[in-house]
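Between the sequences and the hints, there should be enough to build the whole structure, so can you do that?
4 protein chains.
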Amino acid sequence: MIIVLKPEATEVEAKEILAQIESVNLKPLYMPGTERIVLGALGDERILNNLNIGAHPMVENVKPILSTYKQVSRELQSHDTQVQFGDVTIGGGSFAIIAGPCAVENREQIFKSAELVKKYGAVGLRGGAFKPRTSPYSFQGLEEEGLQLLQEASKEYGLPCVTEIIDPAHVEMLEQYVDAFQIGARNMQNFKLLKAVGQSHKPAILKRGMSATIEELLLAAEYIYNEGNQNVIICERGIRTFEKATRNTLDLNAVAYIKTKSHLPVIVDPSHGTGIRELVGPMAKAAVACGADGVIVEAHYNPQVALSDGAQSLDEAHFAKLMNEIKPFIQAAGKVVA
Amino acid sequence: MIIVLKPEATEVEAKEILAQIESVNLKPLYMPGTERIVLGALGDERILNNLNIGAHPMVENVKPILSTYKQVSRELQSHDTQVQFGDVTIGGGSFAIIAGPCAVENREQIFKSAELVKKYGAVGLRGGAFKPRTSPYSFQGLEEEGLQLLQEASKEYGLPCVTEIIDPAHVEMLEQYVDAFQIGARNMQNFKLLKAVGQSHKPAILKRGMSATIEELLLAAEYIYNEGNQNVIICERGIRTFEKATRNTLDLNAVAYIKTKSHLPVIVDPSHGTGIRELVGPMAKAAVACGADGVIVEAHYNPQVALSDGAQSLDEAHFAKLMNEIKPFIQAAGKVVA
Amino acid sequence: MIIVLKPEATEVEAKEILAQIESVNLKPLYMPGTERIVLGALGDERILNNLNIGAHPMVENVKPILSTYKQVSRELQSHDTQVQFGDVTIGGGSFAIIAGPCAVENREQIFKSAELVKKYGAVGLRGGAFKPRTSPYSFQGLEEEGLQLLQEASKEYGLPCVTEIIDPAHVEMLEQYVDAFQIGARNMQNFKLLKAVGQSHKPAILKRGMSATIEELLLAAEYIYNEGNQNVIICERGIRTFEKATRNTLDLNAVAYIKTKSHLPVIVDPSHGTGIRELVGPMAKAAVACGADGVIVEAHYNPQVALSDGAQSLDEAHFAKLMNEIKPFIQAAGKVVA
Amino acid sequence: MIIVLKPEATEVEAKEILAQIESVNLKPLYMPGTERIVLGALGDERILNNLNIGAHPMVENVKPILSTYKQVSRELQSHDTQVQFGDVTIGGGSFAIIAGPCAVENREQIFKSAELVKKYGAVGLRGGAFKPRTSPYSFQGLEEEGLQLLQEASKEYGLPCVTEIIDPAHVEMLEQYVDAFQIGARNMQNFKLLKAVGQSHKPAILKRGMSATIEELLLAAEYIYNEGNQNVIICERGIRTFEKATRNTLDLNAVAYIKTKSHLPVIVDPSHGTGIRELVGPMAKAAVACGADGVIVEAHYNPQVALSDGAQSLDEAHFAKLMNEIKPFIQAAGKVVA
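Protein chains in written order, with full-length UniProt numbering: chain A, 1 to 338; chain B, 1 to 338; chain C, 1 to 338; chain D, 1 to 338.
Hints were generated in silico from the structure; no laboratory data involved.
Some hints could be false.
[Said to hold, decoys possible] Simulated crosslink set (DSS-like; lysine-lysine; CA at most 25 Å straight-line):
| id | chain 1 | residue 1 | chain 2 | residue 2 |
| --- | --- | --- | --- | --- |
| 1 | C | K15 | B | K335 |
| 2 | C | K335 | C | K321 |
| 3 | B | K321 | C | K327 |
[What the hints assert, rightly or not] One-sided excerpt, in silico: chain C residues whose CB lies under 8 Å from chain D:
| id | residue |
| --- | --- |
| 4 | N49 |
| 5 | Y137 |
| 6 | A169 |
| 7 | E222 |
| 8 | Y223 |
| 9 | G334 |
The C-beta atom is built at its ideal place from N, Cα and C for all residues, glycine as well.
This is the structure in structure tokens:
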């Protein structure tokens, strides 16, 4: 941590802060310059953070040197983590395609959609039962009934399934029905929820918050990891920017960047990342190319009757085209379909 | 709702969509242009939203005409709502100053801080007991013990108090200790939490999410309102932008804008909105000037020993200066101190 | 400047970089930590910048300590600069209101608009003759004819005038007609233009680019200053964010922040900052409250016939209301109308 | 264009606006709803834009239906434009790799860098002579001497070359030295420059402004096109967002989206788009996968001595790796190296 003092700060005040640093057994550094006194504190940034040095009236600003996530960092574990999702391995040399409708709507819909995605080679099934919706007047999901239908379709077609969790009190219920939890973008910093999922052993697909920095995303993963659940899969799903031609701005830089910093698998959601059916295919291929370990896409046997997110859901023709076109890219990346 | 069709869409396809609109008893409009067929649907956008017309393969895009929040809108209620926070009225012709530390840390700290803010004229006390923190390694709050201390200080100094709620299961517990709930920025779209607080009758200070649009913020308020709790106070606390010189970008436009669209009271948090002690005063004054009904600021009897947010907390000298300087602006705005 | 090395960097590589730092007579620092080697370089960041240390393959990242602007900084000059705009002084204890139409459209329009703003107390006149427009099909301004009309109205009503410059080759021509140059948001980093205006002695109102950081804005001011023109007025006019309810997000934090860092006067443009007529007044008052030295607003004798920006232009009733309501705030700020 | 009136608007006022629409020979529509009167105007949005209907006091908001760019739109020309850059064709079924240093620094540097990029298969050479730099104290380029050196290296290695233009007055000079103009991000809305380049016949690589929407980018292309120069190549180079782990957020969504909306070729700059050497390769591959027609990357024979942008420049090892790894992706995309 580097501590820049205000121009008017004196040596006495600098010593005061250095003493604080020493008090927690970190190494203090004193660097008087021509324009400012600069201080350094070397050691665990987690301890430094709690010192709250920025609050001193003579501190102009504080710059961290090291990241504050540790357990999910490649510095702690250099090899890629592989996460077991049902009988599918995510991470390492394979590329996983998880697909299914935004929400489970009824038996026919989830079965027909599962059949469709299985037919063209998806290895996992997605479907929401508890839907966080911007408006209180929108369809909020079938709740436990939806979970039952999802599980039945999952078994029928041999596809492990994932659904979103929105309440810490639901962990046990969901564990009975699904193979993985999804933590949605709006809940990425719902720390109660992260801790609850961290106490399970089922894998967690952690979606990036729409304005979360990469560091915050990895710290959210660290919350889950820190409770004992090491089966965390990071999911880039687009961030919110000024650009409104697409629903979100899919940040594939983040994928390439996280792969250098963390050992966790990273997947991409090009459906929410673009919000436009025609762009899902190109961006899924780009996800392969920049190093992602998989994609999660919305597919529906008949998007026109979907109760949510229809505009970004792939129908059979689009899903078939995606699966067909993505294969040479998976091969170019030196990977195999999971 | 305006529905723009793709250039290749035919009249037959247009009719298909018009039939959908009629099926829910809304008024359809057919507008064939030189370059596109454009359709209209007039009526309640909440119903239209659920039609999911955007999913039709021939729809290029869909533009809502009316906002989807209703109950919190000025169109439903033109006069200002006033919310009772303990014995303080928020909204209408008064201006409320709520102050206190980021987190309750111990008895001495919360009592001394409460004494300080009371001395200079604050009318409410803030203090966190359950702290949502970006890193799992940061101080997470004193939990129920913190609530007890907050309540004691609140009673001792005659200041109604507010604390953040982070778990839907905590509503009843918090109701015993505090006069208002705060819903934090990270939980603005934690819909489980919004609904839980909506079932209480205690006021809720709803903070804007760091990348929430104004419409999403008002829809979050609508979630609470829709459950029966009409005591909602909107709080602008800064949004996340590219600018990093300040912790957030305080969006005072939003305050002036919401005052034209909604009847709910709006307060401003210049502490999180700037992250810099020296800017809290100027931005609190700007909040008065643009029409806010109050401010909520972080103040600590000794910020240097604060366990969180020390750099933006006001000490006695800064708090005294703020209270002194803000008064002529409250007067200029034609208001009185609550 | 703080230089964080990659985990695999060796002492030999660190020494290589330290030698580079010494070669330009700056003070090098060696800080071996448990996880990383960290280096420091104390001295003029402008020299450090040109060393391009970030390019070394063993450098993980580089953090500047000091800002790179110098001449416009309060550290070089602690008292407020006052800029003479015609016979009006901007900066110091007065508050200046500059008003007028977006573009000069014809003689009647600029005269009637000048008469209107003079009547209610504006001290300067604005009006564009060369208009940078997003679409090539929009009205592009009257060019030199517009300048002539602007000058005539300016003289008739005793209001110094300002217009936007868009071409470095226009400096001499504009000098004949106007009392100040405006550098528009889109040209804030048109460095050719900044240098050309820097060689004039007429004041320059430098508008913040729509995605410019405060540091970039001050460096753009430094470009003008560095050429010899010290009559620079900073103008906050809103930044581009995800929020689309308003045209831009007016960043008043930036005003309060720049006032602490720079000695230059700062004015605010609430017309572009909001894009909505009804919000111009509240945000102009907020500009006073957070410490601005003036505002520049769009006013038109009949906005309905305006050729550009009509939706944010004040008509007579709105302008009169603004001038009436802003006065108590100017007084509360301890300032007088310029 | 859809025009939503305020709740208090009367039929008389609606008729007033409809008359305005008819006066320019566009088709007006009157849609009285339960909550609002909504009006429509069908026809060329360019004409509608100039009507300035938003300025009417009874208009709440205005929503365009069609985009305002026309000539660069796929609706005007459905097949892909191919642009001739020296003897290289950009667009259509080939993928072009343009590489070279950020700035031309001296003869040795530009020759060695050109030799390097040629050796591994680049088809074009980049190099700046006039550098727009954030700080006035940074290296500003060799100017005309740099152009001479660039041209010599270009001829020596048989690589057509491109350099940035920053002044409308430079068009003729640059035409003598280079095969294409680059319009930098900061100048994307320097309309004087766009018009000047539009009067040349040399190709123009138009970089997206760092906060420019896709529509603004296409309108900037329309400015060039409208002056008669149809050789426009769009370049996505990253936008400015809240994320600071990477220099910019490379918006590959924009590439896939523009390919559906415009017939112009689109290339990607992963060097500025990431700012980190290690991410250039992955993002160049992602550019291929999402449909780009080429990439432009910074490569330097010895980045450690580069005077600008060294941290994102590829050295020989990184450039060789990129060229080697990108080929299977070009093949997977069904394209050939240009």
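How the hints compare with the structure:
1. Distance hint between K15(C) and K335(B) is unfulfilled; the C-alpha atoms sit about 64 Å from each other, more than 25 Å.
2. For the suggested pair K335(C) and K321(C), the alpha carbons sit about 20 Å apart, so the restraint of at most 25 Å is met.
3. Taking the CA atoms of K321(B) and K327(C), the gap is about 22 Å. The hint holds against a cut of 25 Å.
4. Checking N49(C) against chain D by beta carbon gives a least distance of about 6 Å; that is within 8 Å, so the hint holds.
5. The closest approach between the C-beta of Y137(C) and any C-beta of chain D is roughly 4 Å, which is under the 8 Å cut-off, so the hint is satisfied.
6. Interface hint status for A169(C): upheld, as the beta-carbon distance to the closest one in chain D is roughly 7 Å, under 8 Å.
7. A distance limit of 8 Å between C-beta atoms decides the matter here; for E222(C) the minimum to chain D is near 6 Å, and the interface restraint holds.
8. For the restraint placing Y223(C) at the interface with chain D, the shortest Cβ-Cβ distance is roughly 5 Å, inside the 8 Å limit, so the hint holds.
9. Interface restraint check for G334(C): the shortest CB-CB distance to chain D comes to about 35 Å, outside 8 Å, so the restraint is violated.
Taken one by one, the earlier hints fail for this structure at numbers 1, 9, listed in ascending order.
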